[in-house]
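Residue numbers (the working numbering), protein chains in the order written: chain E, 1 to 329; chain W, 1001 to 1486.
Derived by calculation from the structure, the hints in this document are not laboratory data. A portion of the hints provided could be inaccurate.
To be verified - In silico lysine to aspartate or glutamate, EDC-like type, Cα no more than 20 Å apart, as pairs:
1. W:Lys1007 <-> E:Asp131
2. W:Lys1349 <-> E:Asp66
3. E:Lys274 <-> W:Asp1140
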Amino acid sequence: MKSIKIFNSKSPTAKKLDTYSANKNTASIFLSIARYVFLFSFGYILLYPLIYMIVHAFQSADDFLDPTVQWVSKTYTFDNFKLAAKTVDLYKSAFTSIFVLLLSGLVEVFSCGIAAYGLARFNFKGKKILDVILILNILVPTTVIIIPTYINFRYMDIAGILNIVGTILKKELRLNLLDTPFVFYVPSLLAVGIQSGFFIYIFKQFFKGFPKELEEAASIDGASAWKTFFKIVIPSSGVAVLTVFIFSVIWHWNEYYRPAMFYSTNYPLAVKIKDFFTLVQGLGYNVYSAEAVNAAMAASIMFILPVLIMYMIMQRKFIESISQTGIVG
Amino acid sequence: MKFIGKKIICVTMAFAMLVAICGCKSKDTDEEGSDYDVEYVYEYVSGDNSSSSSNESTDSTEKTGNSSKKNSTTTSGSSTNSKTKSWEEIKASIPSKLKGTTITFYNWNPSNSFTGSSKAIAAFTKETGIKVNWVTGTYDDYITKITAMVASGDSPDIIRMRDTNVNILQSLQPISNLGYDFTDGAWNQELMNLYKVNGKTYGMILKDTPYFFPAVMYYNRSLISRYNLEDPYNLWKQGKWTWKKMASMCSEFVSAAGTEYEGYTMPDGGEYMRCMGVTYITYDASKSKYVSHMDDTRIVKAWQFVSKNVKEGNFSNTVYNLDGFDNGTILFHANSAISSIRAHFHVKKLISNGDLGTVPMPTVDGQKTYYQELGENIAFGVPKGAKNKEAVPYFLRYYLDCANYDMNDFYCDSQAKEVVDWCRNQTFFTNMDVLLDKSRYGDSVHDMSYLLRQTESAQIKSNLDKYTAMVAKCVNDSNKSLESLK
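Input sequences plus hints: build the corresponding full structure.
Below, the structure is given as structure tokens:
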């Protein structure tokens, strides 16, 4: 019969264990406190600009100038949003942002996926050169190539054919894409749009880790490369597609430089927000006035709100898709 | 070997990144000098010892409020007494082929930014049949976009310029290409010569134009009367409006009003040295060169004056506090005359209350010459490849003429108009500090100003010396770029 050891809480061993547990508890409490203090401090630093923006977006001009008002306003108002909407010509600029930039961002997800699949899965002549060009696309800043790009869009040609025909006919046949949405649609469709190199790189790395067995199985069943891509690879690439989709939407929404250069009218929201203080002056407001500053905060909130909401929704799906994706590496 | 090669590339890139991070310089904004007790070296200039070749003057009457003869020596062979043609004569000389054509005017402000601008354009179109297409670009990308437009052959016909900035000049063509006679006395040859490079002029501006914005000093009339201070306008008229006087008024004001008030909010602190006729970089039109003046002792003396007054609380350390000035907590503010335009937004409250007083910049005590700084040196240029360049001078001749604006309505009051008109006849001084592009050289004029106005007098020289190499490089680079305009 096994002897049952009864735990004597008054034994020296038990006391040692108690002391150890107590010390451990104290240490963990201190650690928890320290952790929360650090997280709250860090969170405060990160969230401070956002809180400042929200407070001032709803604050009246009088409260802004009142030194006794810090975070809690005495009066709340939506006038700042009205002024902001008027300054940036909200409907027009939002229309451009959504139907030009966002749309081209969505198209880019699709085109970059195709390009990445080709680079990941197929061997062909010139593939290494394309890999180098891909890296250059990521490394070379837009400002360096903006002028040749501008000229390119001003005289858009297809392999020089339009130029040759135009020279023969003594007419300018090359297309002027400037000030049209095609300055974004065309590069996105051809996977050379905003940050496309980076997107292709993400997709490529993901597809490289994709098991070939699935594709081989599809191939045995008679599926073409396109069918394999759309029926097998894409449905299983939710994580990568979602990641690229989020990045694409955010980067296209925030894009300022290219629209400022390629457009002369109908600027998207990002350009209007960047030039907010110049625009608000045109409405007769001192750029340093309380009204202008509060309106700028309101404009910033209007600008980041759609992306913030989208990200909060997508983040949940993003985590879900990670857990649902069974294939790893 | 392949594997080692990849490793080498990775290590090289990591090293490059590390060097880039280490290369970020830390800025010491506070001079922890040990010489707080040392008497600052400061003496007023007892005579005119201008070292800039473009600013010699012998006229000693400019200090007063009387109109005086303009004696700028930035010109060469310019005529200020040419006969001024009437608009009817000009209109009669417009080639008939220009009727029905369109001029594209590229700007960074909308056309309604200036009172009467849209009206003047409409009137011009009605009189001549030449249409004007006003295109507004973004301010930050203004020069890059012009360069891109010129490179693509899509140049606008007119662009607005602010100074002899080589980055914009490279996109322009000389006005001699326009086939227009600029000897008409209406054109401001003195200012246009500031846009002369290697014998070719690139900028156009009229003499009597509302688009002339010299640097002026503003003051709050209600504060002056409330605290029984001397009226700066009267001081100017009596020839007593000097920097020393202004500083003492600031001191008097702050003592009487309290420390929540401030005497003077500066644009950048360099106004005093510019009133001495010197700044970090100027443009010598006679030699078509940018010149560095970092070794000029007047710059040290100027900053000693400014930092002394900042330390004594007479001048605010916060620059460009337009809000404070407009809200009546600051007595003086220097800015371009654009702030005195009735419809302008800078100091709306003061203008609407009739409290905005305007006087020229104070003179430097003991200095003979009054140097009129051009706050916004506006001129207009024609980019290369402009399709309707011939129509441009006719348009500008009309658009820039005061006669086509209600000048009484243009400025906030008659005093502002009087002061601006007086400034037109002074020795012009233009500074090219704008070439110090922070993104290119690491620091801008504002960074230098921030450091210098908080520096003890004894350390001003050594702090200025820190920027000498940077300014020299900027001047060198800009002069090299000017070579391409030959």
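Verification of the hints:
1. W:Lys1007 <-> E:Asp131: holds, 18 Å
2. W:Lys1349 <-> E:Asp66: holds, 18 Å
3. E:Lys274 <-> W:Asp1140: Holds, at about 9 Å.
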